[in-house]
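Residue numbers (our numbering), protein chains in the order written: chain A, 1 to 138; chain B, 1 to 110.
Be aware that a few hints might be false.
Pairs of lysine-lysine residues, derived as DSS-like cross-links and limited to a Cα-Cα distance of at most 25 Å, are as follows [as the list claims (entries may be wrong)]:
no.	chain 1	residue 1	chain 2	residue 2
1	A	Lys-138	A	Lys-87
2	B	Lys-93	A	Lys-87
3	A	Lys-84	B	Lys-76
4	A	Lys-123	B	Lys-93
Covered stretches of chain A, as calculated for chain B (at least 3 residues, CB under 8 Å) [what the hints assert, rightly or not]:
no.	segment
5	31-45
6	63-71
7	76-82
8	99-113
Source of the hints: derived by calculation from the structure; they are not laboratory data. Just so it is clear, CB atoms sit at the ideal spot from N, CA and C, and this is done for glycine as well.
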Amino acid sequence: MELNSLGLVAALAAFLSIWWGHVAVRKIEAVSVKLWQPMVVVFVLGTVFTGIALRTESRHLSAAFGIAGMVFFWDTFELYRQEKRAKRGHAPANPNNPRHSKILKHYPDATTLDWLDRNPRGKQYSVEELAKIKATEK
Amino acid sequence: MNWLGLLLGLATLFIIGLGFVWVIRGERYFGYLWWPYAMGFGILLIVSSLFINNDWASALVGVTGASLVWGSTELKEQAVRAELGWYPFNGGKLAPPFAGIIKKWRAPHL
């Protein structure tokens, strides 16, 4: 029986590009002083990958580059969304980044605290508990 | 021109979009402890894609499997988001089989 590896290649391309994109978007957004710069780079990468996907004769390469290319386009938008998360305090702001120190100054919910760095405990936090956690911010 | 990759990429974005929905809803009504089942089902889909001759079907089943594996690693953080009040919290969740054992495992997060 002949195995069809296209699904496996597509799965790997999707999983790895989502994973690395997810990690890279957080890191890059936190350290970039001018956010438009990485946004342009990631968008151009998406364009190049999509171009390769369109030109190659190989089904496998077309699938891998096509999927990764679209994920790059999505990540361009995610860089912008990540900045919004920092403004809402849903992602920790980096005080050493001038763009983020401005966010910390102007958005009351922005924080250096990583709210998500905890395990689920099975019940909702009360307003008092949330205030207590917020007070641990350095 | 080889349109396969570009169209697959668009389909992948759509499948990822569905991932946002099932992770949020799934965590709310069932809880993050279902993660090994979501991961196992995803791996099963990826393996079964090897046996599908049609390229489109194989690729879409593979990507759906990858998205399930990814989503399974997001469930734990989604549970924290709901507990923090960022998403609606539901106290009456439907626990998975072997919840006691799964609780002792470290839920993956990437």
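Status of each hint after checking the structure:
1. A:Lys-138 / A:Lys-87: With a Cα-Cα distance of about 17 Å, the restraint between A:Lys-138 and A:Lys-87 holds, given a limit of 25 Å.
2. B:Lys-93 / A:Lys-87: Judged against 25 Å, a Cα distance of about 31 Å means the pair is violated.
3. A:Lys-84 / B:Lys-76: holds (22 Å)
4. A:Lys-123 / B:Lys-93: Answer holds: A:Lys-123 to B:Lys-93 is near 11 Å, not above 25 Å.
5. 31-45: violated (count 0)
6. 63-71: holds (count 9)
7. 76-82: violated (count 0)
8. 99-113: violated (count 0)
Of the numbered hints stated above, those contradicted by the structure are hints 2, 5, 7 and 8, listed in ascending order.
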